[in-house]
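*Asks:* Taken in sequence, the protein lines are chains B and V. Each residue of the first sequence is one higher than the one before, counting from 1 in the numbering used here. Each residue of the second sequence is one higher than the one before, counting from 1001 in the numbering used here.
Please note: incorrect hints may appear among the correct ones.
Not close to chain B: a few residues of chain V, all C-beta gaps over 10 Å, as computed [to be verified]:
id	residue
1	R1067
2	K1088
3	R1090
4	F1098
Chain B side only, calculated, beta carbon under 8 Å to chain V, not exhaustive [as the list claims (entries may be wrong)]:
id	residue
5	I17
6	A24
7	G28
8	Y34
9	A35
10	V36
11	Q39
12	S40
13	Y41
14	G42
15	D58
16	P64
17	P156
With a straight-line cut-off of 25 Å between C-alpha atoms, the simulated DSS-like cross-links for lysine-lysine are [claimed, not checked]:
id	chain 1	residue 1	chain 2	residue 2
18	V	K1157	B	K65
19	B	K120	V	K1157
20	B	K65	V	K1088
21	V	K1065	B	K2
If you are wondering where the hints come from, they were derived from the structure by calculation, not from laboratory data. Predicted, not measured: the structure shown is a model, and the values here were computed from it. Beta carbons: idealized from backbone N, C-alpha and C, even for Gly.
There are 2 protein chains.
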Amino acid sequence: MKKFEIRLAGTGGQGVILASVILAEAAGVYEGWYAVQTQSYGPEARGGASRADVILADGPILYPKCRKLDLLVGLSQQAIDKYLPDLKHRGLAIIDEFYVRECPHPQTVCLPLSRTAREKLGRELFTNILTLGAIAKITGLVSLESLKKAVSSRVPKQYLDLNTRALEAGWELGAGVKSNPFSA
Amino acid sequence: MKKFEIRLAGTGGQGVILASVILAEAAGVYEGWYAVQTQSYGPEARGGASRADVILADGPILYPKCRKLDLLVGLSQQAIDKYLPDLKHRGLAIIDEFYVRECPHPQTVCLPLSRTAREKLGRELFTNILTLGAIAKITGLVSLESLKKAVSSRVPKQYLDLNTRALEAGWELGAGVKSNPFSA
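Could you put together the complete structure from these sequences and hints?
*Replies:* In structure tokens, the structure reads:
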């Protein structure tokens, strides 16, 4: 069975839950994956780092908790410090170049996610949706079209255009990444 | 270990995922529960009924999938038809009186959720958040205050006042419910 365990992590307010819901919906509703999307709260979840998990598989997902991540997306240093041990050695880390200084992992893609959101969309708020575009392009797990459909049902209508442009800007960033474990 | 398995179910567009995220955050971040919030997508999830699950416990949640529900909230007939078999015999069903005609379960609370949203808030769109207020009052699992905090980080600022009023309107509806398994 093909199975991918994905974690989006950052600080509260960076919108990793919304982004994960959209990713799971794009994959599960529009591309036929089995998908489970989860967030957990508990003493270990308090204190800054916020995370949301997505598991995609080509068959039923019996155990819906991430064990070893194939992909960790880190939008803050604290998130990387906390969750990097959960990433497979052959997995991929995608990090924001502004908020993450250090990510000691052999396969790390460092992208100007928040900077591009600021520069191209005027607000860092769009970093989470922009990041989805990059994930899609780098991993090939979902199409840009499916993400656009999922976004349209999850964001307020007046921001749909900006969010769509955020997806496209992220996709472009992803297109600049030469090699990664998913394409290998 | 105390553990409560909760499912919010309706049709796409009724906002059960957002409501579940808010419920889990209220319980997990502001009230010290261990909480897991999940949505699943797969062939069985297609075709109308939309659902989101929340598990609350007073200790770590090792298996994060709902097995037998303590509480099923149904905002559509299709959702009730599909998920009622998952509700414990001694569990509680809360249903919308407008959208659910039939709910053959011994402990069913029927409330004018969508109607109250229309009448008091001007839009049915607020039914999901209003429902959270009713759940809180009926079950005692989270306080109105914690829900307000969680809502404030999850809805656009310009709608915060309406959403807060939705929570309060739901709480009032819940206050009219005389007996339920949670208070017994």
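*Asks:* Are the hints correct? Go through all of them and say.
*Replies:* Comparing the hints with the structure gives:
Against chain B, the non-interface label of R1067 (chain V) holds: every CB pair exceeds 10 Å, the least being about 12 Å. At the 10 Å boundary, the C-beta of K1088 (chain V) stays outside the reach of chain B, the nearest C-beta of that chain being 21 Å off. For R1090 (chain V), the shortest C-beta to C-beta distance to chain B comes to about 25 Å, beyond the 10 Å cut-off, and the non-interface label holds. The beta carbon of F1098 (chain V) is kept farther than 10 Å from every beta carbon of chain B, the shortest such distance being approximately 23 Å.
Below 8 Å, beta-carbon pairs count as interface contacts, and I17 (chain B) has one with chain V at about 6 Å; its hint therefore holds. With 8 Å as the threshold, the beta carbon of A24 (chain B) comes within range of chain V, its nearest partner Cβ sitting at about 6 Å, so the hint holds. Satisfaction of the interface hint for G28 (chain B) is found here, the shortest Cβ-Cβ separation to chain V being roughly 2 Å, below the 8 Å cut-off. Look at Y34 (chain B): its Cβ gets to within about 4 Å of chain V, closer than 8 Å, so that hint holds up.
The restraint placing A35 (chain B) at the interface with chain V holds, with a minimum CB-CB distance near 4 Å, inside the 8 Å limit. Interface restraint check: V36 (chain B) against chain V, minimum CB-CB distance 5 Å, threshold 8 Å, status holds. Evaluation of the Q39 (chain B) hint against chain V yields a held restraint, the C-beta minimum of about 5 Å falling below 8 Å. For S40 (chain B), the shortest C-beta to C-beta distance to chain V is roughly 5 Å, which falls under 8 Å, so the interface hint holds.
Annotation: interface hint on Y41 (chain B) holds; nearest CB of chain V at approximately 2 Å, less than 8 Å. The interface hint given for G42 (chain B) holds, since its Cβ lies 4 Å from the closest Cβ of chain V, which is under the 8 Å cut-off. Nearest Cβ of chain V to the Cβ of D58 (chain B): about 11 Å, over the 8 Å cut. The hint is violated. Taking 8 Å as the C-beta cut-off, the interface hint given for P64 (chain B) holds, the closest approach to chain V being about 5 Å.
Of the supplied interface hints, the one on P156 (chain B) holds, with its beta-carbon coming within about 6 Å of a beta-carbon of chain V, less than 8 Å. Straight-line distance between C-alpha atoms of K1157 (chain V) and K65 (chain B) comes to about 33 Å, which puts the hinted pair past the 25 Å bound. Restraint check for K120 (chain B) and K1157 (chain V): satisfied, since their Cα atoms lie roughly 23 Å apart, inside the 25 Å limit. Between the alpha carbons of K65 (chain B) and K1088 (chain V) the distance comes to roughly 24 Å, so the proposed pair stays at or under 25 Å and holds.
A threshold of 25 Å between alpha carbons decides the hint, and for K1065 (chain V) with K2 (chain B) the separation of about 21 Å falls inside it, so the pair holds.
The structure fails to meet hints 15, 18 from the earlier list, while all remaining hints are met.
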